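Visitor: Whole structure, please, built from the sequences with the hints as guidance.
Heads up: the protein sequence lines correspond to chains A and B, in order. Position 58, counted from 1, in the first sequence is what the numbering used here calls 58; the numbers after and before it change by one each time, with no gaps. Position 144, counted from 1, in the second sequence is what the numbering used here calls 144; the numbers after and before it change by one each time, with no gaps.
Because the hints were derived from the structure by calculation, they are not lab data. These numbers come from a predicted model, not from an experiment. Be aware that a few hints might be false.
Said to hold, decoys possible - From the structure, some residues in chain B lie toward chain A, with a derived Cβ separation under 7 Å:
| # | residue |
| --- | --- |
| 1 | Pro3 |
| 2 | Thr6 |
| 3 | Ala7 |
| 4 | Val53 |
| 5 | Ala55 |
| 6 | Pro95 |
| 7 | Leu105 |
| 8 | Leu106 |
| 9 | Leu109 |
| 10 | Ala111 |
| 11 | Ala161 |
| 12 | Pro164 |
| 13 | Phe179 |
| 14 | Val196 |
| 15 | Gly199 |
| 16 | Cys200 |
Ideal placement from N, C-alpha and C gives every residue a C-beta, glycine not left out.
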Amino acid sequence: MMAALDDGFGGYLVLFAAGFVATEIWRWLGVLVGSRLDMAGEVFQWVRAVATALVAGMVVRMLLFPAGALADIPLAVRLAAFAGGFVCYFAVKRNLAIGVAGGSALLVLAQLIPK
Amino acid sequence: MPPSTTAGAFVRGLGLIVSVPSVVLFATALGFGALAREGGFDFGHAVFLSAIVFALPNQMVLIDQLMRGATVAGAALAVTLTAVRLMPMTVTLVPLFQGEKRRPLLETLAAHFIAISTWIEGHRRLPTMPVALRLPFHFGAGVAMACMMLSGTITGYLLVAGVPALVTAALLFMTPLYFILSLIATSRSTMDMAAVAIGCGLSPILYLVMPGFDLLATGLVGGTLAYLVGRRFRS
Numbered sequence: 001m002m003a004a005l006d007d008g009f010g011g012y013l014v015l016f017a018a019g020f021v022a023t024e025i026w027r028w029l030g031v032l033v034g035s036r037l038d039m040a041g042e043v044f045q046w047v048r049a050v051a052t053a054l055v056a057g058m059v060v061r062m063l064l065f066p067a068g069a070l071a072d073i074p075l076a077v078r079l080a081a082f083a084g085g086f087v088c089y090f091a092v093k094r095n096l097a098i099g100v101a102g103g104s105a106l107l108v109l110a111q112l113i114p115k
Numbered sequence: 001m002p003p004s005t006t007a008g009a010f011v012r013g014l015g016l017i018v019s020v021p022s023v024v025l026f027a028t029a030l031g032f033g034a035l036a037r038e039g040g041f042d043f044g045h046a047v048f049l050s051a052i053v054f055a056l057p058n059q060m061v062l063i064d065q066l067m068r069g070a071t072v073a074g075a076a077l078a079v080t081l082t083a084v085r086l087m088p089m090t091v092t093l094v095p096l097f098q099g100e101k102r103r104p105l106l107e108t109l110a111a112h113f114i115a116i117s118t119w120i121e122g123h124r125r126l127p128t129m130p131v132a133l134r135l136p137f138h139f140g141a142g143v144a145m146a147c148m149m150l151s152g153t154i155t156g157y158l159l160v161a162g163v164p165a166l167v168t169a170a171l172l173f174m175t176p177l178y179f180i181l182s183l184i185a186t187s188r189s190t191m192d193m194a195a196v197a198i199g200c201g202l203s204p205i206l207y208l209v210m211p212g213f214d215l216l217a218t219g220l221v222g223g224t225l226a227y228l229v230g231r232r233f234r235s
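Guide: In structure tokens, the structure reads:
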């Protein structure tokens, strides 16, 4: 059994504090600030840009420095399949499902081709 | 046909259970369930986390930290750094829920269902909806996504050994693709486009320079630059 986590009440308490509270506090702060901001205002625009840049940054991090099984796929294959997903998306009337499925299918295909 | 009642909007939100984000979320949760099992966590702990946190990257970080033997305080710090992103996301979504009267309790509850998937779908679908129907739609979408997250976690935990690595990799690959294509699809202004481009460019540099704080720095620096670019193009 994990040293940090027992299977009784204590383990759940650790997850509640380090998982729920550590996460939820930022949502609560967001409600507090968001409900006081004017949507047409400059501050709101800036926060929107920050949120968008953050999510974009996460995407690139997942692609270049992945965790788990994706890390075993060569970088070149990941990048090529990612680009392929873009091509699928724009080729088929900006269809999200086609873009996502197409990119993942290309990743599998590239790995299955004998080297 | 667009929904016209509160119940209709909630059901429409629930309908997101059949959607691209729902499949992507299921796939990511599958990875989380598998990681929790491999890390020696109880089934109950994994499901509990998915049920109360509703933010997979944070859950991954928490499991990873505890696996590496971090203290509870250290793990909480790492999780909270990952969670900072939820604040600007909530700030930009909550005003969409608000009509004439404020409902702080409901809005706080609604904020629990803000994760990248519901944030993206919210920005895509809420603005064209009557204000009164936005909150019920968001709750419906949140419940649908939570169901997918729970079923993904359970499936991943139980199936961990049975899934070939290539399939797992392909499932994990869906998340960044869905995020980036949706960001592009929901970009409405020069500022949005600039934020996507600058965020993508900055992130790998900052990841190498200041790991741990890289996302926060990408958001603040990239977002500010994008905001300035956008303001220049507006005037």
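Visitor: If you check each hint against the structure, which ones fail?
Guide: Hints 1, 2, 3, 7, 8, 9, 11 and 12 contradicted; others consistent.
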